[in-house]
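> Given chain R, put chain A in place with the hints provided.
Each chain is listed here by its residues.
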Amino acid sequence: MLNIKTKNRLSIFIAISVLSILIIIFILKTLEDNVLYFYSPSDIGESNEIVFGDKIKIGGMVKNGSIKTNENEIKFIITDYKNEIIVSYEGTVPALFAEGKGVVAEGRLQDKKFFLAKRILAKHDENYMPPKIKESLEKNAK
Amino acid sequence: MLSNLGIIFSSISLLASLFLIHLSFVELKVSGDKIPKKIYKFSLVQLIFSLLSFLILLTGYIFSDFSMINVYENSHTTKPLFYKISGTWGNHEGSLLLWINILVIFSFLFLILNKNKNKNFKIFTLIFQNLLISIFFIFLLTNSNPFSPVFPVPNEGLGLNPILQDPALAIHPPLLYVGFVGSSIYFSAALAALISKVEAKSLAITLKPWISISWFFQTIGILVGSIWAYYELGWGGYWFWDPVENSSLMPWFLMTALLHSVLVLERRMGLYSWVIILSILTFTMSVVGTFLVRSGILNSVHTFANDPSRGLFILTFLVLMVFSSIFIFFKYAPSEKKNYRIFSKEFFILINNWFMIFFLAVVLIGTLYPVFLDTLSGEKISVGPPYYNFILTPFLIPLLFLMTSGPKHKWVSSETKKFFDIILFLSVFLFLIIFFVIKENNLLINLILLFSIYLIIQTIFDFYENLKNRNINLSRITSHFGFGLLIFFISINHIFSVESNFNVRMGEKKDIKNYVIKFENLETSSGNNYKSVIGYFEILNKKKLIKENLRPEIRIYNQPKTITYEASINSNLFSDTYLTMSNISDSDIFNIKFQKKPFMNFIWFSVLLISLGGILNFFNRKKEI
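Chains as they are written, first to last, in my numbering: chain R, 1 to 142; chain A, 1 to 625.
Pulled out of the complex, with its shape left as it was, chain R reads as follows (with noise of 0.2 Å):
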């Protein structure tokens, strides 16, 4: 038999352990309610499973010459040199944000052409590209 030393301890370690696991299932849990999916247009494009108007990130490159600006939004096409995808934004821009630079944002998807963008984030880097877009620049070269 253990004794009565050894059984609190035990007794405690297990409470502390179902605790901890308890804790780390709710972490888990709200996390898994709260991520942004990034997607780039051709993920868009091709699969069935993004459901509309959730929110979303999108990634890509802005396309030469798509930029526009009117009254109420600023729209621009984001693309991966294979599909293509329209975002409307209102708002101020981050400052790398350029034509034929990389860009992200976030916001919820109208249809598979559409995307209704609520923030744009360019990186601080004159040089950075979202890595899914080099990834299929690279498979498009080869």
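Simulated from the structure, these hints should not be mistaken for laboratory data.
Using N, Cα and C, we set each Cβ at its ideal position, and we do this for glycine too.
Warning: the hint list may mix true and false statements.
Unchecked claim - Here are some, though not all, of the chain R residues that point toward chain A, as calculated from beta-carbon distances under 10 Å:
no. : residue
1   : Ser20
2   : Phe26
3   : Thr30
4   : Leu31
5   : Ile67
6   : Pro94
7   : Ala98
8   : Val104
9   : Glu106
Here is chain A on its own, set in the frame of chain R:
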């Protein structure tokens, strides 16, 4: 010339570190309780040459010596002097040299300032600290040499990213580094204490000032970093739960836990192993932070050049460090008798520690999960503010409550003063007034407001009572008071922030809630190394009939050619008016972000108060109640 000198000086410093390790091991076998002069001398040599090598790099930057690749890549002759200086640590190699310098400075200061009588403890601390120093020096010289020459010598440098040309940004890395790297000394001391069996009280007294000082710098560093993000990134926020911000927050949680539990060690000689574990974890988290930032595996506003070999080095180092620490811990950890009475002061401190560990777990998982998911499944995700806000805010309520009631309790005993006292009544009363003024109906925010008021009032009363007894624990009171204010003002700021995005032509007006924003004029101007377009805006508050003028800028820097959008912020005591303007594709329409942010200055001030507590704790060596 400078390049060679730099390499020679840092090599001498490395040799001194290796000698120190050797001498220390020899010294362990010698009895006696005095550390020989030789060790002090070598430490001094190590310090001087390490500082000299940093000075060399600094000189290279100040006089634009482009014979060093590092200077060539990150500087330019037309850059203002201040940013030439800050350019020294604005890049990977230079910041690594700064890292090492802080390691060396702390090692030296610990050797000469620490009054602990146990000679072996001091020697072992020196050994561990110098192992760290040597490893990082070797990494510097073999992989990330800031002194590498370039040939032929270029005439002009490539320049520093203009977004990095900001006073707050220039000074926040060194501040954070003192915090980050400062934790190395209690990492080394903790391991040394295990091996040389230092007793609880003397360990606590030895560790305390180092913990307070690094905690102070870490807090200030986080503050200055946030201020930079607020002014420069143009999003109008001050905390984005960006992975790099998180990596500065994670060690902070542990330092905070340590700052509290070391008190238990000092007073009750309890939590010995726990303090050791926390010390080890804090430095580990600092290295993890450095790894995450420097390896470039994170997507963040801070992008540093990607170099897998650096990441690999830090990762290898990290694994070795963690495993050897675990090994030492299990080999030498003393057994402890634990008897904690519920509702004693130490009980509350233990709960504080659980909270800190929970916060750490939340932030760590949120930061690392995307990295793991990417490597495991190739799926790319990001974890944003909603996750952190959702999971952390509810826990602020019990935390605030415990911060209020914890300090009222005495050590050991579980006797308490009466629960429903005048302070609680006063807090509820104040809260109700605020509630009827602001009419916010989110329950969570209301509870947070109530409990932050409770904490604020309680600390004010504590201060008054302590003043009467002439026994003031000023550091605790200042920090807790600051934390109460911080949470209170963040909540108020959250409720009353106004944000609006719109497009506008020159001469047009826009109506946003109570404000009319008029775009009056555009002018061009030029600065030292940039040209700029300045927008003239007039903001009219319809309710109060106050006019404000704001001048956001679009700057075009020449080296490297970059555009930045400079926010114009009109900051007064109670509220900030914030305006950024951008323009793309040469259209005559400008994109505007307008924000009204109440109590920003109070938020900064609260964090300043919190950090002040660390400094007070550092200077206050006499016993508290």
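> Look at each hint and say if it fits the structure.
Tested hints:
no.: 1; hint: Ser20; verdict: holds, 8 Å
no.: 2; hint: Phe26; verdict: holds, 8 Å
no.: 3; hint: Thr30; verdict: holds, 5 Å
no.: 4; hint: Leu31; verdict: holds, 6 Å
no.: 5; hint: Ile67; verdict: holds, 4 Å
no.: 6; hint: Pro94; verdict: holds, 7 Å
no.: 7; hint: Ala98; verdict: holds, 7 Å
no.: 8; hint: Val104; verdict: holds, 8 Å
no.: 9; hint: Glu106; verdict: holds, 8 Å
In summary, this structure violates none of the numbered hints.
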